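All chains should be built: construct the whole structure from the sequences, respecting the hints.
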Amino acid sequence: MKRVLGGIAALGIAALALTGCAANTGGGGDDDLITVGFAQTGSESGWRSANTESLKAALSEENGFELIFNAADNKQEAQIAAVRSFINQGVDAIVIAPITVDGWDDVLKEAKDAGIPVILEDRTVSASDDLYATWVGLDFKQEGKTAGEWVADNFGAEPTNLVILEGTTGSSAALDRATGFAEAIDGTSINVLDSQTGDFTRDGGKKVMEGFLQKYGSEIQVLFAHNDDMGLGALDAIKAAGLTPGEDIKIVTIDAVKDGMQALADGEFNYIVECNPLLGDQVADLVKKVLAGESVDKAYIVPDGAFTQEDAIELLPTRPY
Amino acid sequence: MKRILKNRLFWPVLALVALIVINTIARPSFISITVQGGQLYGPLIDILRNSAPLMLVALGMTIVIATRGIDLSVGAVMAVSGAVALTIIEGSSDPNGLGTVLVAIVVGVLVALVLGVWNGFLVAVVGIQPIIATLVLMLAGRGIALLITGGFITTINSEPYKFMAQGYVLGLPFALYVSMAAVVVVALLERRTALGVLTEAVGINPEASRLAGVRSRGIIWGAYAASGLLAGLAGILYSSNIMAADANAAGLYIELDAILAVVLGGTSLMGGKFSLAGTVVGVFTIQTLKSTITFLGVPPAVSPLFLAIVVVIVVLVQSPRLRSVLARASQALRPRNSSPQGGSEVAS
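The listed protein sequences derive, respectively, from chains A and B.
Residue 1 is where the first sequence starts when you use UniProt numbering, and the numbers rise one by one after that.
Residue 1 is where the second sequence starts when you use UniProt numbering, and the numbers rise one by one after that.
The set of hints was computed from the structure by calculation and includes no laboratory data.
If you're wondering where the values come from, they're calculated on a predicted model, not measured in any experiment.
Incorrect hints may appear among the rest.
[Stated by the list, open to error] Derived CB-CB ranges, DEER-like:
1) B:ARG210 - A:GLU110: 54 to 62 Å
2) A:ASP113 - B:GLY127: 44 to 52 Å
3) B:ARG334 - A:THR179: 52 to 60 Å
For each residue, glycine too, the CB sits at the ideal point set by N, CA and C.
Okay, here's the thing in structure tokens:
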């Protein structure tokens, strides 16, 4: 109940903050602080929340930054408007987690003309790479490949039936993970029975898994879910079918959010490939380097770990997200 | 035979039966129901259970549409009620206590009712167009839900709460009892009292019914309040099914499914006469269609197209105008085939 009241209070504060913002957009903040505008996609998932927290922590005042944060609610036009407003405010640097790949050329050119370096994080853009300073992110294809290699190593020798819960159709995360996974299991005796989208949500994962179980029953031996949430949804469906997740049906997922790691530690998941949202420190470091005029690479891929059940039991108490 | 054909439930039911038959031919296990630990288990049972949230939302939508309105905010209201209930359970010291869970459910549904009353106020009192009035909450509601959960997906472990969507009573899913109870209560209120007739009167001609002494403001307000309440209950079932409050995904696009269910059931978007039984059939049709995608193994990339094509076919089959055009066309063809020379004589 307290949090409900807190939520309502926060709503009021947000309304105040909106009016407050309009009043003091002119100044670029203190001279000794680096003013950074961060245009986040929105707050669509636990992964995104962790990513936002990480950047907010890294771009804090103690670290010498003044952060202007904007979440665009997954609407590209809102995100472009936010970047334009950063340019007008004359920030020192702009960080963007682009919602879509296309449509960035104009606004990136405006930033360049204004002499403001742009650092991309998480997703990429199709615009020419001289329009932004650098990109920090993850390799979705490699994540799919790592998951596929684990399946191939453990079950590839004998015929094994596998089902896949795909992410949102058409998203780069779903496409690249599917490609990487397919490459890794190519040539093994793993038989993909079925593959359907669960839209990256628990509800979607559960409903599609129910369908798979009705269709194939206990023929299914391995499940690969493109994210933890769909895997967590599938757990309930598997239990309802009278099977034991982690034993009757082995489960591999990607993300390693807290609930996923808990399921791994509990023995219900078998393997999780990490999709690391903690990009904040790297972004902060690159902002400083770019502003100091040091040369940086165009792309930094943050290596992802992968966890077994034993790793999860060990790591769970100290995981930050 | 003619009376069956004339019944407005005939075509919706036919569409549903056709879907079940197609699925069964593709995979006979579709209609198999087995008993597993005293619970019935099978694709049809899953459809009955998973249709519960949509059933609740579509019932409310039927009443709102009957008053010539529309409620776009139902999905967002679901997200709010789930977020409220789970936040209460998460914050309590006794998440497995029946009292805690009951309080959480009641508060969650009451918050949803307040949101429904707000919609009704905007439409009935302030006089804003329903599509705009409810659009406000459709957009703002998810923001409220995100504030309540702090931007995270709140998850809980609570056996009584889990029972709402995943429990079984006498071999059947508890969620089915919830949705059927809602159908019965709404049907009794609308059809065993004058409320249904008054609602239809308001939908057919608000001005005339007002002049005839019908309190249209109260009836419209009540319709949105009921829609909010039912959406709130749907939000509880949704969050209980996954034991998580997912402010972004809960009830996403369910308003469109609900409107579709109402239309498939034969209720006109122009308001007025409505059919609760039709809506029930419409909901089962949509849920069966969703299972069909998995069962027929339609590739994910084309599944939206598949859904669209089936919906278009179902709507066309139900269109009385199209059927009468087809009937006239077949009648027009027959005499010409039997006496081709007669036609040419007239022409000369």
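These are the hints, each one checked on the structure:
Range check, ARG210 (chain B) to GLU110 (chain A): Cβ separation about 56 Å, and the 54 to 62 Å hint holds. For the pair ASP113 (chain A) and GLY127 (chain B), the supplied restraint of 44 to 52 Å holds, since their beta-carbon distance comes to about 49 Å. Between ARG334 (chain B) and THR179 (chain A) the beta carbons are some 58 Å apart, a value that agrees with the proposed interval 52 to 60 Å.
The structure agrees with every numbered hint stated previously.
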